[in-house]
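Visitor: Here are the chains, one letter per residue:
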Amino acid sequence: MEKKAPSSNLAPLTPFSLGLLSNSTTELITPALIATAARHGIALDLIVPPYDQVAQQALTHDSIINNSNLDAVLLAIDFRSLPLQLSVGELETSTATISAAIAYLKTLRDGIKAHSKAVCIFQNFAMPVESLFGSLDRHLPGTLRNLIDGINRELAAFVNESGDILFDVSGVAECVGLSNWHAPDLWNMAKIPFSCDFVPLYADHVARILAALRGKSRKVLILDLDNTVWGGIIGDDGVEGIQIAQGDARGEAHLAVQRFALGLRQRGIILAVSSKNTDETARIPFETHPEMLLRLHHFTVFQANWNDKATNIKAIAEELSLSLDSIVFMDDNPVERDLVRQFLPQVAVPELPEDPAYYVRTLSAAGYFEAVTLTDEDLTRASAYADNAKRASLKHSAGDMDEYLEALDMTITFMPFDASGRTRIVQLINKSNQYNLTTRRYTEPQIADITEDPEVLAMQIRLADRFGDNGMISVLICRPEAQKNIWNIDTWLMSCRVLGRKVEHMVLAELLQHANAVGIDTVTGTYRPTAKNKMVSDHYARLGFSKVDEAQDGTSYWKLLVNEANPQRPPMKLISHIAFKTLERTPA
Amino acid sequence: MNQAQIYAHLNAIFDDVFDLDSTEITPETTAKDIEGWDSISHIRLIITVEKKFNIKLSASDVGRLETVGDLATLIQSRTE
Numbered sequence: 001m002e003k004k005a006p007s008s009n010l011a012p013l014t015p016f017s018l019g020l021l022s023n024s025t026t027e028l029i030t031p032a033l034i035a036t037a038a039r040h041g042i043a044l045d046l047i048v049p050p051y052d053q054v055a056q057q058a059l060t061h062d063s064i065i066n067n068s069n070l071d072a073v074l075l076a077i078d079f080r081s082l083p084l085q086l087s088v089g090e091l092e093t094s095t096a097t098i099s100a101a102i103a104y105l106k107t108l109r110d111g112i113k114a115h116s117k118a119v120c121i122f123q124n125f126a127m128p129v130e131s132l133f134g135s136l137d138r139h140l141p142g143t144l145r146n147l148i149d150g151i152n153r154e155l156a157a158f159v160n161e162s163g164d165i166l167f168d169v170s171g172v173a174e175c176v177g178l179s180n181w182h183a184p185d186l187w188n189m190a191k192i193p194f195s196c197d198f199v200p201l202y203a204d205h206v207a208r209i210l211a212a213l214r215g216k217s218r219k220v221l222i223l224d225l226d227n228t229v230w231g232g233i234i235g236d237d238g239v240e241g242i243q244i245a246q247g248d249a250r251g252e253a254h255l256a257v258q259r260f261a262l263g264l265r266q267r268g269i270i271l272a273v274s275s276k277n278t279d280e281t282a283r284i285p286f287e288t289h290p291e292m293l294l295r296l297h298h299f300t301v302f303q304a305n306w307n308d309k310a311t312n313i314k315a316i317a318e319e320l321s322l323s324l325d326s327i328v329f330m331d332d333n334p335v336e337r338d339l340v341r342q343f344l345p346q347v348a349v350p351e352l353p354e355d356p357a358y359y360v361r362t363l364s365a366a367g368y369f370e371a372v373t374l375t376d377e378d379l380t381r382a383s384a385y386a387d388n389a390k391r392a393s394l395k396h397s398a399g400d401m402d403e404y405l406e407a408l409d410m411t412i413t414f415m416p417f418d419a420s421g422r423t424r425i426v427q428l429i430n431k432s433n434q435y436n437l438t439t440r441r442y443t444e445p446q447i448a449d450i451t452e453d454p455e456v457l458a459m460q461i462r463l464a465d466r467f468g469d470n471g472m473i474s475v476l477i478c479r480p481e482a483q484k485n486i487w488n489i490d491t492w493l494m495s496c497r498v499l500g501r502k503v504e505h506m507v508l509a510e511l512l513q514h515a516n517a518v519g520i521d522t523v524t525g526t527y528r529p530t531a532k533n534k535m536v537s538d539h540y541a542r543l544g545f546s547k548v549d550e551a552q553d554g555t556s557y558w559k560l561l562v563n564e565a566n567p568q569r570p571p572m573k574l575i576s577h578i579a580f581k582t583l584e585r586t587p588a
Numbered sequence: 001m002n003q004a005q006i007y008a009h010l011n012a013i014f015d016d017v018f019d020l021d022s023t024e025i026t027p028e029t030t031a032k033d034i035e036g037w038d039s040i041s042h043i044r045l046i047i048t049v050e051k052k053f054n055i056k057l058s059a060s061d062v063g064r065l066e067t068v069g070d071l072a073t074l075i076q077s078r079t080e
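Going line by line, the protein sequences match chains A and B. Following our numbering, the numbering of the first sequence begins with 1 at its first residue and continues without gaps. Following our numbering, the numbering of the second sequence begins with 1 at its first residue and continues without gaps.
In short, the hints are calculated from the structure, not lab data. Please read all numbers here as calculations on a predicted model, not as lab measurements. Note that beta-carbon positions come from the ideal geometry of N, C-alpha and C, so glycine has one too. Treat the hints with care, since some could be wrong.
A partial selection of chain B residues facing chain A, derived with a Cβ cut-off under 10 Å [to be verified]: (1) 12; (2) 41; (3) 42; (4) 44; (5) 46; (6) 55; (7) 58; (8) 59; (9) 64; (10) 65.
Taking lysine to aspartate or glutamate pairs in the EDC-like style, the calculated list, with each CA pair at most 20 Å apart, reads [to be verified]: (11) A:534 / A:279; (12) A:191 / A:130; (13) B:51 / A:130; (14) A:191 / B:50.
To list a few chain B residues with every Cβ distance to chain A over 12 Å, as calculated [claimed, not checked]: (15) 34; (16) 39; (17) 48; (18) 57.
With these hints in hand, go ahead and build the complete structure from the sequences.
Guide: Rendered as structure tokens:
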């Protein structure tokens, strides 16, 4: 007998004692099981009786398995150890063979049930690769495939009735490919039941079941919206511009995310939203887009604001009265994912691939929502929570944002307008709606003119961080006013992707440097409200400008005295390619 | 790959598989010389060797091995 990993004093891990009953070699699996269980919050006591003693162990009252006060026994039987009689084409014999195999498994179960209180976890059988005929093997009675199909089917039906648990090894093996799974050389050499490459995967699936038995499965899926639930950015692209239609590859990928989320909701997973958007904008697709599958009433909490996502996720957890370790957060943006992992490590954050076509597979493969039963309560849970897409109130910030920004290792680069950046400059100027103070649109020839104009300070701003280069993310155009010594900010816009990084403070500092160098004493700015740029209504106030005037239509006018300005200096490396001397002014 | 390179890799593999600190294996080393070299760790050793050198060893290949020297020769013949 081997007894491993005593679980005493491993809190907060939950102790679990598992017996492993197998007639194949398990020595390569057992260390992985213990380690993987820990990752799922389980301190695993693993009891492994000597090799190939399945029946003795199950049927004797004082066996190690029956005498160790186990929580569960995993019956990991290989099909090569079952009494399988090939009877090609003979229905009666093959039915009897299937019944005999099931009877054998039931006998083991009855023994364990009679002598202990352990739950039985039955492993089903991975289909062998080799066939006698080809496709015919599947439906011709008495072939190996037909027998194993039958055994798996009957075992599932039996488990449904008995209340035991099924571990779908067959499904796991099919996911990775049966010809990868089965390793006849290892079986022949040492009765190792499947390729060693899949020991971690196997262990993970076992650990998920144990964690589910201990109530550790996740209960909530929080979704980002832009480029996760739909393609594109609702605030910039508008409801007509986002990709969520059938027939569009990108749109279908995001529809698949919606379909999967709906399926999860149906089985009792609570859905919530955490999106950087204005609330009303974020709700528009759910209310008006005809192809959306998800609707507002599917969400219990709906957080669309400009706060950091960790703070929002905390607020959602508090609103639901659920702990953070019951939450899964899905977001296409690696920086958002990283921030949530840093601030709220209890939250599960799948590392989504680049291609949204694989979002659903990635989410599903992690097994966050593993369950061993489906209860009536699960089926009604979604409606038990008031699905009113409620806004949760934000409490304290989830962590030190400055520290986080520092760790992002950002580099900001300022460059004058140039020919190579022109296409992107024009695109940003004509596409940015949200972080855009004046929403002035310019054509490519107009930008060419601005580039050449020595009186205009025009900057393109790029940002890189440890996740990569974000490219050009901000544009600023500053023109001299007729009045001497005043610069007016004609255009200031930024991509929402880098919101919350304090880029605007760096831009202001750079602007002030140039203003200072050419003897400008006042910088003025205008906020022109549109349907989409409410998020920057306090932009100038936050940067220390004072309000000069406000018009009827909500347009506000701001100014900042250069020698009184005290811009923040956020933690990032600065590179500026804007020469001071190129800025000339016509004498007043 | 030459014998010196193979032995460098094998030393690391033996340390890992048998949980040792800087094993000094020689061509004459056999299972008797190393504590814990049982049938299971033998399989673990073979699997690790297969992965490290990116080769596939059959049961009869493995069955013929008597010493570490045999293993190194086999690896060399497969990696040439």
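Visitor: Evaluate each hint against the coordinates.
Guide: These are the hints, each one checked on the structure:
{"no.": "1", "hint": "12", "verdict": "violated (19 Å)"}
{"no.": "2", "hint": "41", "verdict": "holds (9 Å)"}
{"no.": "3", "hint": "42", "verdict": "holds (8 Å)"}
{"no.": "4", "hint": "44", "verdict": "holds (7 Å)"}
{"no.": "5", "hint": "46", "verdict": "holds (8 Å)"}
{"no.": "6", "hint": "55", "verdict": "violated (13 Å)"}
{"no.": "7", "hint": "58", "verdict": "holds (7 Å)"}
{"no.": "8", "hint": "59", "verdict": "holds (5 Å)"}
{"no.": "9", "hint": "64", "verdict": "violated (13 Å)"}
{"no.": "10", "hint": "65", "verdict": "violated (12 Å)"}
{"no.": "11", "hint": "A:534 / A:279", "verdict": "holds (11 Å)"}
{"no.": "12", "hint": "A:191 / A:130", "verdict": "holds (18 Å)"}
{"no.": "13", "hint": "B:51 / A:130", "verdict": "violated (25 Å)"}
{"no.": "14", "hint": "A:191 / B:50", "verdict": "holds (18 Å)"}
{"no.": "15", "hint": "34", "verdict": "holds (17 Å)"}
{"no.": "16", "hint": "39", "verdict": "violated (7 Å)"}
{"no.": "17", "hint": "48", "verdict": "violated (9 Å)"}
{"no.": "18", "hint": "57", "verdict": "violated (8 Å)"}
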